[in-house]
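In terms of this note's numbering, the sequence shown opens at residue 1 and continues consecutively.
Be a bit skeptical, because a hint or two may be false.
As the list claims (entries may be wrong) - In the EDC-like style, the derived pairs of lysine to aspartate or glutamate whose C-alpha atoms are separated by at most 16 Å in a straight line are: (1) Lys195 <-> Glu184; (2) Lys236 <-> Asp362; (3) Lys513 <-> Glu564; (4) Lys480 <-> Asp547; (5) Lys480 <-> Asp491; (6) Lys480 <-> Glu490.
Said to hold, decoys possible - DEER-style ranges, computed between Cβ atoms: (7) Phe148 <-> Arg478: 35 to 45 Å; (8) Val445 <-> Phe279: 32 to 42 Å; (9) Phe148 <-> Lys236: 40 to 50 Å; (10) Arg588 <-> Phe148: 22 to 32 Å; (11) Phe148 <-> Glu514: 25 to 35 Å; (12) Phe148 <-> Ala424: 16 to 26 Å; (13) Phe144 <-> Glu564: 51 to 61 Å; (14) Gly322 <-> Leu43: 21 to 31 Å; (15) Glu414 <-> Pro580: 41 to 51 Å.
Bear in mind the hints are in silico, worked out from the structure with no lab data behind them.
Glycine residues also receive a C-beta, built at the ideal position from the N, C-alpha and C atoms.
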Amino acid sequence: MTDPGKAGTTSPTWAKAQYYIPSLYWIPHYSIHLLGGDVLAGLTVAAMLIPQSVSYASSLAKLSPVTGLFSASIPGIVYALLGSSRQLNVAPEAALSLIVGQAVSHALHGDPEKHPSDPDAVGLAVASAIAVQVGLISFVLGFFRLGFIDVVLSRALLRGFVSAVAVVILIEQLIPMLGLVALEHQLNPQTTLEKMLFLLEHGFTNMHKPTAIVSAGALAALVVLRALKRVVTRPKWLARVPEVLVVVIVSTILSDEFRWDDDGIAILGDVPVNTGGHFLKFPLHHSHLKYLKQTTSAAVLISVIGFLDSIVAAKQNAARFGYSISPNRELVALGAANLAGSFIPGTLPAYGSITRSRINGDVGGRTQMASIVCSGIVLLATFFLLPWLYYLPKCVLGSIICMVVYSLLAETPEDVHFYWTMRAWIDLTLMFLTFALTIVWSVQVGVTVSLVISLLLVVRRSARPRMTILGRIPGTDRWKPVDENPEAEEDTPGALIVRIRENLDFANTAQLKERLRRLELYGVDPSHPSEAPRRQHARVVVFHMADVESCDASAVQIFYELIEEYKNRGVGVFVTHVRPGPLSLFERAGVVALLGENAFYADVASAIGRVSSDASIAHGRF
Numbered sequence: 001m002t003d004p005g006k007a008g009t010t011s012p013t014w015a016k017a018q019y020y021i022p023s024l025y026w027i028p029h030y031s032i033h034l035l036g037g038d039v040l041a042g043l044t045v046a047a048m049l050i051p052q053s054v055s056y057a058s059s060l061a062k063l064s065p066v067t068g069l070f071s072a073s074i075p076g077i078v079y080a081l082l083g084s085s086r087q088l089n090v091a092p093e094a095a096l097s098l099i100v101g102q103a104v105s106h107a108l109h110g111d112p113e114k115h116p117s118d119p120d121a122v123g124l125a126v127a128s129a130i131a132v133q134v135g136l137i138s139f140v141l142g143f144f145r146l147g148f149i150d151v152v153l154s155r156a157l158l159r160g161f162v163s164a165v166a167v168v169i170l171i172e173q174l175i176p177m178l179g180l181v182a183l184e185h186q187l188n189p190q191t192t193l194e195k196m197l198f199l200l201e202h203g204f205t206n207m208h209k210p211t212a213i214v215s216a217g218a219l220a221a222l223v224v225l226r227a228l229k230r231v232v233t234r235p236k237w238l239a240r241v242p243e244v245l246v247v248v249i250v251s252t253i254l255s256d257e258f259r260w261d262d263d264g265i266a267i268l269g270d271v272p273v274n275t276g277g278h279f280l281k282f283p284l285h286h287s288h289l290k291y292l293k294q295t296t297s298a299a300v301l302i303s304v305i306g307f308l309d310s311i312v313a314a315k316q317n318a319a320r321f322g323y324s325i326s327p328n329r330e331l332v333a334l335g336a337a338n339l340a341g342s343f344i345p346g347t348l349p350a351y352g353s354i355t356r357s358r359i360n361g362d363v364g365g366r367t368q369m370a371s372i373v374c375s376g377i378v379l380l381a382t383f384f385l386l387p388w389l390y391y392l393p394k395c396v397l398g399s400i401i402c403m404v405v406y407s408l409l410a411e412t413p414e415d416v417h418f419y420w421t422m423r424a425w426i427d428l429t430l431m432f433l434t435f436a437l438t439i440v441w442s443v444q445v446g447v448t449v450s451l452v453i454s455l456l457l458v459v460r461r462s463a464r465p466r467m468t469i470l471g472r473i474p475g476t477d478r479w480k481p482v483d484e485n486p487e488a489e490e491d492t493p494g495a496l497i498v499r500i501r502e503n504l505d506f507a508n509t510a511q512l513k514e515r516l517r518r519l520e521l522y523g524v525d526p527s528h529p530s531e532a533p534r535r536q537h538a539r540v541v542v543f544h545m546a547d548v549e550s551c552d553a554s555a556v557q558i559f560y561e562l563i564e565e566y567k568n569r570g571v572g573v574f575v576t577h578v579r580p581g582p583l584s585l586f587e588r589a590g591v592v593a594l595l596g597e598n599a600f601y602a603d604v605a606s607a608i609g610r611v612s613s614d615a616s617i618a619h620g621r622f
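Work out the full structure: start from the sequences and follow the hints.
Next up, the structure:
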């Protein structure tokens, strides 16, 4: 299949339609020789995704396992039709399912005086309220071309969040793995810290030994099988056998054969395809609306974090297989996928997975057909496979999720070591702050506080206009930054020549006056405000504006006020290398009239020549 951008002649309207709806291009141009790899990739990912989705829904989101399977099928089909990534697998994720589970728990247990008569209905309503909001948020962000948010949030914040979520998930899963679910419901620990203390107090004394043995055995089997796949290279098909599926099948057979449920080991049991009375329900149904307000913060976090994971996975595969990705189109596709899923009550938010998408490409997935095959298999499993999992021990689902925890934590030591080596104290602080707040309070608090801090750091860095002082290279008419060129000299007494090195807008011009004052009195060397000035007040200021390609109205207004202030002080002001766009704005704002046309020059040498030749300017009588 060729790239849409390299297609033959086609009408502009149809070309745009193919751009915004990629399936209009790749389906008609699909090559049959790609089908084998796509089918194999779909089968492989589905074999891994089915037990994962059941685990995420039942163990993390506190919902029926069937909701996880619907979440792994419906959104994936819609994304395959609208998404631009050929390998991205869209389905529930552990971290996002955990956030849904916390929202469900809060709705069920947040008010001790209220006891819902139908907890299952509450869970479905909360999940549906989150799903529709997640879909709308992602769609709107993409529609208004706000896909640049993937470059705003630092990797340190994400690493701190992922590490904290991994620990939270581990603590959550240790409770059913040790058979302490009944005692947990009795004591009702709420926060992650309380659950950690609960495990320390009751983990060894009150655990259910048969459950703990099965959990440990399943986890050990997963670890051993994964290690064997890396060591044993032949036969080749062995590397494609998902160890998760093997453990699920074997543990279900053993549980049925030896009647583990008679020993007190909780099993999955009968899982009817039940979505609350109706298979499809309008997502803004009145039963969901009452939960919209209390789930909005969770929906925003899921939208941001889910998109960041998705765009990283999409970009990795795009670079690997040589095609381009549009973050805005990805947001629209992910939003539409979740909106479609929200029509089935209880559907979990679905976003791209780095691991599953990488496996998709490794096995042979080359088009979105692999995702359609995967979703189709999961959908079939939803209606026909669940009865065969009747005897699946629930603690095995916890063991499966513990393997996900290992994947989430795998890169954390390397990142911490890197930031420590680089002495990136701000990044380390942000990482540990996110981690600590998430563990002590909640996922929402940890991520929200860290997001605010991260955005404030971005604003702080962008609010300082980049500018430097220019000096003349001896014997020439060339002017260079004095902090970068030791030979450059400020050889015109009383003149401050400033090069503004970026576009001007309302954000960075707010500190323009203060930055110029510091350059005027202290130069380019770092200094503390308490220090005495190192330089005399300038009699002439020359602005070199070759790097200013644009400026907004607020910037022009502040620049006008700045010039007025200089004129009131008797300081001469000249502007050089000004571009046509900013010059037009200066004319409309009255800056040109205020300075006079003879204050604008083509280069610094001409402006300094005027200063040197005019005694009134040189002596500050401008």
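*Sort out which numbered hints this structure fails and list those numbers smallest first.*
13
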